[in-house]
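Trainee: The listed protein sequences correspond, in order, to chains X and P.
Read left to right, the first sequence gives residues 1 to 166 (the UniProt record's numbering).
Read left to right, the second sequence gives residues 1 to 150 (the UniProt record's numbering).
In case anyone wonders, no lab produced these hints; they're calculated from the structure.
Predicted model only: the values in this text are computed from it and were never measured.
Don't take each hint at face value.
Stated by the list, open to error - Simulated pairs of lysine-lysine, BS3-like, Cα-Cα distance not exceeding 25 Å: (1) X/LYS14 / P/LYS80; (2) X/LYS32 / P/LYS84; (3) P/LYS106 / P/LYS80; (4) X/LYS89 / X/LYS152; (5) P/LYS98 / X/LYS25; (6) X/LYS142 / X/LYS58; (7) P/LYS76 / X/LYS25; (8) X/LYS32 / P/LYS106; (9) P/LYS84 / X/LYS25; (10) X/LYS14 / P/LYS106; (11) P/LYS84 / X/LYS14; (12) X/LYS62 / X/LYS89; (13) P/LYS106 / P/LYS131; (14) P/LYS146 / X/LYS14; (15) P/LYS78 / P/LYS146; (16) P/LYS98 / X/LYS14; (17) X/LYS14 / X/LYS32; (18) X/LYS62 / X/LYS152; (19) X/LYS25 / P/LYS131; (20) X/LYS25 / P/LYS146; (21) X/LYS152 / X/LYS58.
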Amino acid sequence: MTENKQSVETVRHKLQLDESLEQHKRGWIIQKIGWGILYSALILALAGVFGSGPLSYKTLIKNGNSVKYERFLRYESEAEMTFNIQNAKDSITLEIPQQYMQYIDLHSITPLPHSNRTVNDVTTYYFHALRTANIHCHLMAKRTGSITAIIKVNETPFTISHQIYP
Amino acid sequence: MNPVIRGIIIYLFLMLVFRLSGKRTLAQTTPFELVLLLIISEVTQQALVGEDYSITTSLILITTLIGVDLLFSMIKHKWKGFEKITEGSPLIVVADGKLLQNRSRKSRVSEEDVLEAARNIHGLERLDQIKYAVLELDGTISIIPKESAV
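Next up, chain P with everything else stripped away, as it sits in the complex:
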């Protein structure tokens, strides 16, 4: 198969699968998830290159992947709706020290995940010290502490 078509198919498939799996999947929260990500990249590399290890194919594939990504970023820049479809939008999971149960359950964020982020970033001890916790586009959790907790 033509490497350009192969590159486009792999790019679109990965984007679809990662979007469907949700922000928290493969957010590299555990060493196992990091290993899983490495395995996926290895499998992807084999599907992209196949038996053809020529420099020409590598150059074509790199150009294809960068080209598709550039095209998508231009479309996202022009049409914000497309950005929301492909990348989603941030979501508040803790407000005023309370875990928003339905939001966190649907986005698969646990209280432990929020507390871990709170400890790592701000050295907070309890949930009630958090003003907002936001699940960001890349799957990480941003913590905004209450002013009294700073």
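So that you can see chain X by itself, here it is in the shape it has in the complex:
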């Protein structure tokens, strides 16, 4: 048996045992790399690259109206998209294309719209509102992949993109 402070000890033994020391050495290196990847993935998850984190949340502002939503979603997980409307005059219209709803299930809308209609594959929800209003949409991803859609609030178009993980 030889010992060294740096190298892995070589053992001469009579056991019927295939140690494959070289493979162990390679394995320890790969393990370290693997741990690096695992911890990197954890940090990315904390940051929100896989959803529910600061990197995932995005806010778009146009004409005084804004929308806050999550860019990264997970399959069958719930998320929220909130529209903030300024200077509403009597009513608000929220236009969501059907293409968007193929990927995202609109679980509920708060407050409830007083009516809706679908024309040319675009569903429009109508709300009674005056001046400032918030509309909360509770979503659930029902398909994996990428979806980009233009959602209009009082004729203001917002380009919403989601990356949905399996």
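For this one, chain X is given, so just place chain P on it according to the hints.
Mentor: Leaving out everything else, chain P in the frame of chain X:
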């Protein structure tokens, strides 16, 4: 997602993570590790089944997991190199009553772990009574006592 694909992904991911974490991780050496293993199995079960509690999905998933495992065991049987990659190989950590420092450090086996195994299996009292201690594939430590210690 198709349950077959889901089952294969989960199987491969678990195999990769357990292989990367090393033999000693989750070798159920402490009650906490046993609890951790149970939590992992619970999370895995949710990812596998999702919202679909049908018997059909369960049958598909069981068949998938057994099928992949069977396929892997056949490949391992035919190609020994594959077995070494997926499961590793045993490692001697004590020889002639001396702890092999670099081997034990890299495989995260402490002198206490070896002594515990020596006490449990053979009722040995000291390290110098051990001829060989081997870290096995499942993370357990096998003890071969010196003839004088038996």
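Trainee: Now, for every hint given, state plainly whether the structure supports it.
Mentor: Evaluated hints:
Among the hinted pairs, X/LYS14 with P/LYS80 is consistent with the structure: their alpha-carbon atoms are about 22 Å apart, no more than 25 Å. Straight-line distance between C-alpha atoms of X/LYS32 and P/LYS84 comes to about 18 Å, which keeps the hinted pair within the 25 Å bound. With a CA separation close to 24 Å, the supplied pair P/LYS106 and P/LYS80 stays within the 25 Å bound. For the hint linking X/LYS89 to X/LYS152, the alpha-carbon distance of about 16 Å falls within 25 Å, and the restraint holds.
Using a Cα cut-off of 25 Å, the hinted pair P/LYS98 and X/LYS25 holds, with the two alpha carbons roughly 21 Å apart. With a C-alpha separation of about 21 Å, the suggested pairing of X/LYS142 with X/LYS58 holds against the 25 Å cut-off. A distance of roughly 21 Å separates the Cα atoms of P/LYS76 and X/LYS25; the hinted pair therefore holds under the 25 Å criterion. For the given pair, X/LYS32 sits about 10 Å from P/LYS106 by alpha-carbon distance, which is consistent with the 25 Å threshold.
With a CA separation close to 13 Å, the supplied pair P/LYS84 and X/LYS25 stays within the 25 Å bound. This hinted pair checks out: X/LYS14 and P/LYS106 have alpha carbons roughly 23 Å apart, not beyond 25 Å. For the given pair, P/LYS84 sits about 21 Å from X/LYS14 by alpha-carbon distance, which is consistent with the 25 Å threshold. Between X/LYS62 and X/LYS89 the CA atoms are separated by roughly 17 Å; this keeps the pair inside 25 Å, and the hint holds.
Proximity of P/LYS106 to P/LYS131 is assessed by CA-CA distance (about 21 Å); at most 25 Å being required, the pair is judged to hold. This hinted pair checks out: P/LYS146 and X/LYS14 have alpha carbons roughly 13 Å apart, not beyond 25 Å. Among the hinted pairs, P/LYS78 with P/LYS146 is inconsistent with the structure: their alpha-carbon atoms are about 36 Å apart, more than 25 Å. Using a Cα cut-off of 25 Å, the hinted pair P/LYS98 and X/LYS14 holds, with the two alpha carbons roughly 16 Å apart.
A hinted pair counts as satisfied when its Cα atoms are at most 25 Å apart, and X/LYS14 with X/LYS32 does not qualify at roughly 31 Å. For the given pair, X/LYS62 sits about 11 Å from X/LYS152 by alpha-carbon distance, which is consistent with the 25 Å threshold. Pair hint X/LYS25 plus P/LYS131 holds up; C-alpha atoms about 23 Å apart against a cutoff of 25 Å. The hinted pair formed by X/LYS25 and P/LYS146 fails the criterion: a straight-line CA distance of about 28 Å is larger than 25 Å.
With a C-alpha separation of about 17 Å, the suggested pair X/LYS152 and X/LYS58 falls inside the 25 Å cut-off, and the hint holds.
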